[in-house]
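Taken in order, these protein sequences are the chains called A, B and C.
Residues 1 to 264 in the working numbering are what the first sequence lists, from first letter to last.
Residues 1 to 264 in the working numbering are what the second sequence lists, from first letter to last.
Residues 1 to 264 in the working numbering are what the third sequence lists, from first letter to last.
Source of the hints: derived by calculation from the structure; they are not laboratory data.
These numbers were taken from a predicted model, which means no experiment stands behind them.
Heads up, a few of these hints could be off.
With a straight-line cut-off of 30 Å between C-alpha atoms, the simulated DSS-like cross-links for lysine-lysine are [stated by the list, open to error]:
#: 1; chain 1: A; residue 1: Lys89; chain 2: C; residue 2: Lys139
#: 2; chain 1: C; residue 1: Lys192; chain 2: A; residue 2: Lys89
#: 3; chain 1: A; residue 1: Lys237; chain 2: B; residue 2: Lys170
#: 4; chain 1: A; residue 1: Lys237; chain 2: B; residue 2: Lys87
#: 5; chain 1: C; residue 1: Lys192; chain 2: C; residue 2: Lys83
#: 6; chain 1: C; residue 1: Lys89; chain 2: C; residue 2: Lys231
#: 7; chain 1: B; residue 1: Lys237; chain 2: A; residue 2: Lys237
#: 8; chain 1: B; residue 1: Lys231; chain 2: A; residue 2: Lys192
#: 9; chain 1: C; residue 1: Lys89; chain 2: A; residue 2: Lys237
#: 10; chain 1: C; residue 1: Lys237; chain 2: A; residue 2: Lys192
#: 11; chain 1: C; residue 1: Lys89; chain 2: A; residue 2: Lys83
#: 12; chain 1: A; residue 1: Lys237; chain 2: C; residue 2: Lys237
#: 13; chain 1: A; residue 1: Lys237; chain 2: A; residue 2: Lys192
#: 14; chain 1: C; residue 1: Lys263; chain 2: B; residue 2: Lys192
#: 15; chain 1: A; residue 1: Lys87; chain 2: C; residue 2: Lys139
#: 16; chain 1: A; residue 1: Lys192; chain 2: A; residue 2: Lys83
#: 17; chain 1: C; residue 1: Lys192; chain 2: B; residue 2: Lys237
#: 18; chain 1: A; residue 1: Lys192; chain 2: B; residue 2: Lys155
#: 19; chain 1: C; residue 1: Lys192; chain 2: A; residue 2: Lys231
#: 20; chain 1: A; residue 1: Lys263; chain 2: A; residue 2: Lys237
#: 21; chain 1: B; residue 1: Lys263; chain 2: A; residue 2: Lys192
#: 22; chain 1: C; residue 1: Lys89; chain 2: B; residue 2: Lys192
Label pairs and their computed distance ranges (CB to CB) [as the list claims (entries may be wrong)]:
#: 23; chain 1: B; residue 1: Gln255; chain 2: A; residue 2: Glu107; range: 38 to 48 Å
#: 24; chain 1: B; residue 1: Thr3; chain 2: A; residue 2: Thr3; range: 18 to 28 Å
#: 25; chain 1: B; residue 1: His117; chain 2: C; residue 2: Gln73; range: 27 to 37 Å
#: 26; chain 1: C; residue 1: Ala235; chain 2: B; residue 2: Thr252; range: 18 to 28 Å
#: 27; chain 1: A; residue 1: Asn259; chain 2: B; residue 2: Thr252; range: 51 to 61 Å
Where is the CB? At the ideal position from N, CA and C, for every residue including glycine.
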Amino acid sequence: MITPQLVGELLQQVRAQSPLVHNITNFVVMNNTANALLSAGASPVMAHAPEEMEAMAGIASALVLNIGTLSRQWVEGMLIAGKTARKRKIPIVLDPVGAGATTFRTETCHQLIRECHPTVIRGNASEIMALISSDIRTKGVDSTESSDEALQMAKTLARETQAVISISGKTDYITDGTQVICIRNHIPLMPKVTGMGCTASALTGAFAAVSNDALTGAAAAMAIMAVAGEKAASAAKGPGSFQMHFLDALYTLNQDDINQNLKL
Amino acid sequence: MITPQLVGELLQQVRAQSPLVHNITNFVVMNNTANALLSAGASPVMAHAPEEMEAMAGIASALVLNIGTLSRQWVEGMLIAGKTARKRKIPIVLDPVGAGATTFRTETCHQLIRECHPTVIRGNASEIMALISSDIRTKGVDSTESSDEALQMAKTLARETQAVISISGKTDYITDGTQVICIRNHIPLMPKVTGMGCTASALTGAFAAVSNDALTGAAAAMAIMAVAGEKAASAAKGPGSFQMHFLDALYTLNQDDINQNLKL
Amino acid sequence: MITPQLVGELLQQVRAQSPLVHNITNFVVMNNTANALLSAGASPVMAHAPEEMEAMAGIASALVLNIGTLSRQWVEGMLIAGKTARKRKIPIVLDPVGAGATTFRTETCHQLIRECHPTVIRGNASEIMALISSDIRTKGVDSTESSDEALQMAKTLARETQAVISISGKTDYITDGTQVICIRNHIPLMPKVTGMGCTASALTGAFAAVSNDALTGAAAAMAIMAVAGEKAASAAKGPGSFQMHFLDALYTLNQDDINQNLKL
Chain A
1 MITPQLVGEL LQQVRAQSPL VHNITNFVVM NNTANALLSA GASPVMAHAP EEMEAMAGIA
61 SALVLNIGTL SRQWVEGMLI AGKTARKRKI PIVLDPVGAG ATTFRTETCH QLIRECHPTV
121 IRGNASEIMA LISSDIRTKG VDSTESSDEA LQMAKTLARE TQAVISISGK TDYITDGTQV
181 ICIRNHIPLM PKVTGMGCTA SALTGAFAAV SNDALTGAAA AMAIMAVAGE KAASAAKGPG
241 SFQMHFLDAL YTLNQDDINQ NLKL
Chain B
1 MITPQLVGEL LQQVRAQSPL VHNITNFVVM NNTANALLSA GASPVMAHAP EEMEAMAGIA
61 SALVLNIGTL SRQWVEGMLI AGKTARKRKI PIVLDPVGAG ATTFRTETCH QLIRECHPTV
121 IRGNASEIMA LISSDIRTKG VDSTESSDEA LQMAKTLARE TQAVISISGK TDYITDGTQV
181 ICIRNHIPLM PKVTGMGCTA SALTGAFAAV SNDALTGAAA AMAIMAVAGE KAASAAKGPG
241 SFQMHFLDAL YTLNQDDINQ NLKL
Chain C
1 MITPQLVGEL LQQVRAQSPL VHNITNFVVM NNTANALLSA GASPVMAHAP EEMEAMAGIA
61 SALVLNIGTL SRQWVEGMLI AGKTARKRKI PIVLDPVGAG ATTFRTETCH QLIRECHPTV
121 IRGNASEIMA LISSDIRTKG VDSTESSDEA LQMAKTLARE TQAVISISGK TDYITDGTQV
181 ICIRNHIPLM PKVTGMGCTA SALTGAFAAV SNDALTGAAA AMAIMAVAGE KAASAAKGPG
241 SFQMHFLDAL YTLNQDDINQ NLKL
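Turn these sequences into a full structure, and let the hints guide you.
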């Protein structure tokens, strides 16, 4: 379903088309995710005011909704942007940051799923499981579950929502409810840098914008995260330098890097 | 009262327990402080919506209130989180960023102190002095006073508020109104990076969460800042690389680093 | 009109006076622009609450208004700060981020120009052209036009608004409607890092604060961006390391660097 060659071709497409990715995302990671999109070749815009959501989602190639620092006021903008994106049939990525930590977050995710019909839902294991089962508790924004445990629930969630589900963890799983793609690169430094999951969601938007189907786009984005992560980890001395090397790697990544480092 | 050995033990506790630190903090530093908490071994969450403040402060091990980019709407969330934290007896750290620069900031600090009873108040000299004397003017968010001059007022503030006061400066002073702990590492690059004070407040939350008393926790956090700062400064070529090395240092810091670099 | 010698002297003035620059800016770049101001020797403050705008703009040496993540609520603060700054005759820099992408942004810029009379308007080519012609469409926050094409419209805009117009691009143009200063350093990595334009606007505030006239101040800021950019680019391996080296370069820049690297 996905090969190093295809991942490389999609990266070339992101660089060639430079899709405009409209992000309504959290304050913590805006800078990182904008930089990751730029480094990968896409064009990011961060905007949330209800007054301009139709206009901004109206010129974008993908929309990313991320509830990391959620407030009532921002949900209004997310809903307008989401409905505009849906009407225009551009991909919508939902990152349910902290779902399972508070009822407000879990319920907002359910509302966004119901009203915007995201193309891809990308989160950690706890967050994905919390969208199916109210027994799951997320520790703030950090997962308490492994991605292996989340896979069955992810398949159920995919079938219920018609969305591709992308779970990051030691193994990343991307599923449409039937097919499952695994990315087996495991980079221990990655969860030590804030916003790497959010970065994965932003790149998922960029890759979905240039892919024929959402499953491939979502998987290619996680593959690029993995390969850039491997390169960064090999040069890093800690989370600070990892973050810097990660952006450099996204910018310089080539087919050889993908062939050598991607573990499918 | 504090020794390199104790600082090292508390760092081990942060890494072992990975306390969830709930931050209601400013837009400028959210990324840095989240990364510093992760690098030190803690688990950060940034959340401010009144709708989820009871739930989020309800699962946290410490709460950090930072008024750096204050607005009326956020104070509401701070008050709910603060009262929840107080009820649960988890440590509350207040960072009075820019107190003394505007009446709005100074008065909001007084309200937060009155209604939430912070365990630790950590700021620069001007900010701490402005909480006692309305004659003090802070230059935006930068101190116009030395920490030496602030010490007497800090003792008074500690006795009045029952909080530990932690003043950063050339010498850091941490006092409960009676005892005074000094950290004598002076790192000139530190005030050249935005949000290092805010990072100190976030780490104070993490260390207070694993300490038996607030004075020790607050002092250990400043000790870790100092030691990581020394390591970063020795490798840095300016504020940009300092910031990167600082996170790497927090992540890799060991007992030897503390023994060799901490100046009590 | 501008010489390497004069740029160096103004940099010395920024370092000596450390002007307080009050920024009402976007969430994406707050950290970068605060750090760039600190590295250059200025003192940044980020504040937006209407309740403290008179007080904060009342102690500042320059005001920077940046609409990157605009919302209705923030415009209120911008207007109060802008009017306070105007009354105090301190320089006001407007960065019309994303003007031309949505009507909300373009119209807000017109309102800020009308009511606050910015001293300098600094943007990319699309943004500047969109303030003159409603035919121009900005791709999110990225320019679709070259700065060469924007120059004539910039002159018109300068005459209409009485503001200095500063356009960044392959060549930077700074004009008061009559005189034109060109900075010919072209640094391809610069648009691959988010917020470099916003950083230019923030530094424009700092340099305008220490300059006798706005044209010189605006040009000196772009010159410093260019020279620090050249130094950073020569050391960088991608956008991640560029960003780090850029801050280090701002901090360490001397007259020799300016003499050797500035292309007027």
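Verification of the supplied hints:
1. A/Lys89 <-> C/Lys139: 19 Å, holds
2. C/Lys192 <-> A/Lys89: With Cα atoms ~28 Å apart, C/Lys192 and A/Lys89 stay inside 30 Å; holds.
3. A/Lys237 <-> B/Lys170: 28 Å, holds
4. A/Lys237 <-> B/Lys87: 41 Å, violated
5. C/Lys192 <-> C/Lys83: Between C/Lys192 and C/Lys83 the Cα gap is close to 34 Å, so the pair fails against 30 Å, i.e. violated.
6. C/Lys89 <-> C/Lys231: 35 Å, violated
7. B/Lys237 <-> A/Lys237: 17 Å, holds
8. B/Lys231 <-> A/Lys192: 19 Å, holds
9. C/Lys89 <-> A/Lys237: 48 Å, violated
10. C/Lys237 <-> A/Lys192: Given pair C/Lys237, A/Lys192 holds - Cα atoms ~23 Å apart, limit 30 Å.
11. C/Lys89 <-> A/Lys83: Answer violated: C/Lys89 to A/Lys83 is near 45 Å, above 30 Å.
12. A/Lys237 <-> C/Lys237: Given that 30 Å is the threshold and the Cα spacing comes to 17 Å, the pair holds.
13. A/Lys237 <-> A/Lys192: Between A/Lys237 and A/Lys192 the Cα gap is close to 12 Å, so the pair holds against 30 Å.
14. C/Lys263 <-> B/Lys192: Measuring from Cα to Cα gives roughly 28 Å; hence the hint holds.
15. A/Lys87 <-> C/Lys139: Satisfied, since the Cα-Cα distance of roughly 20 Å is no more than 30 Å.
16. A/Lys192 <-> A/Lys83: 34 Å, violated
17. C/Lys192 <-> B/Lys237: The hint holds at about 23 Å.
18. A/Lys192 <-> B/Lys155: Between A/Lys192 and B/Lys155 the Cα gap is close to 37 Å, so the pair fails against 30 Å, i.e. violated.
19. C/Lys192 <-> A/Lys231: 19 Å, holds
20. A/Lys263 <-> A/Lys237: 23 Å, holds
21. B/Lys263 <-> A/Lys192: Within the cut-off at roughly 28 Å; holds.
22. C/Lys89 <-> B/Lys192: 28 Å, holds
23. B/Gln255 <-> A/Glu107: 38 to 48 Å: 46 Å, holds
24. B/Thr3 <-> A/Thr3: 18 to 28 Å: 57 Å, violated
25. B/His117 <-> C/Gln73: 27 to 37 Å: At 30 Å between Cβs, range holds.
26. C/Ala235 <-> B/Thr252: 18 to 28 Å: Between C/Ala235 and B/Thr252, where Cβ atoms are some 24 Å apart, the hint holds.
27. A/Asn259 <-> B/Thr252: 51 to 61 Å: The hinted range 51 to 61 Å is violated for A/Asn259 and B/Thr252, with Cβ atoms some 32 Å apart.
In terms of the numbered hints stated before, the structure departs from hints 4, 5, 6, 9, 11, 16, 18, 24, 27, listed from lowest to highest.
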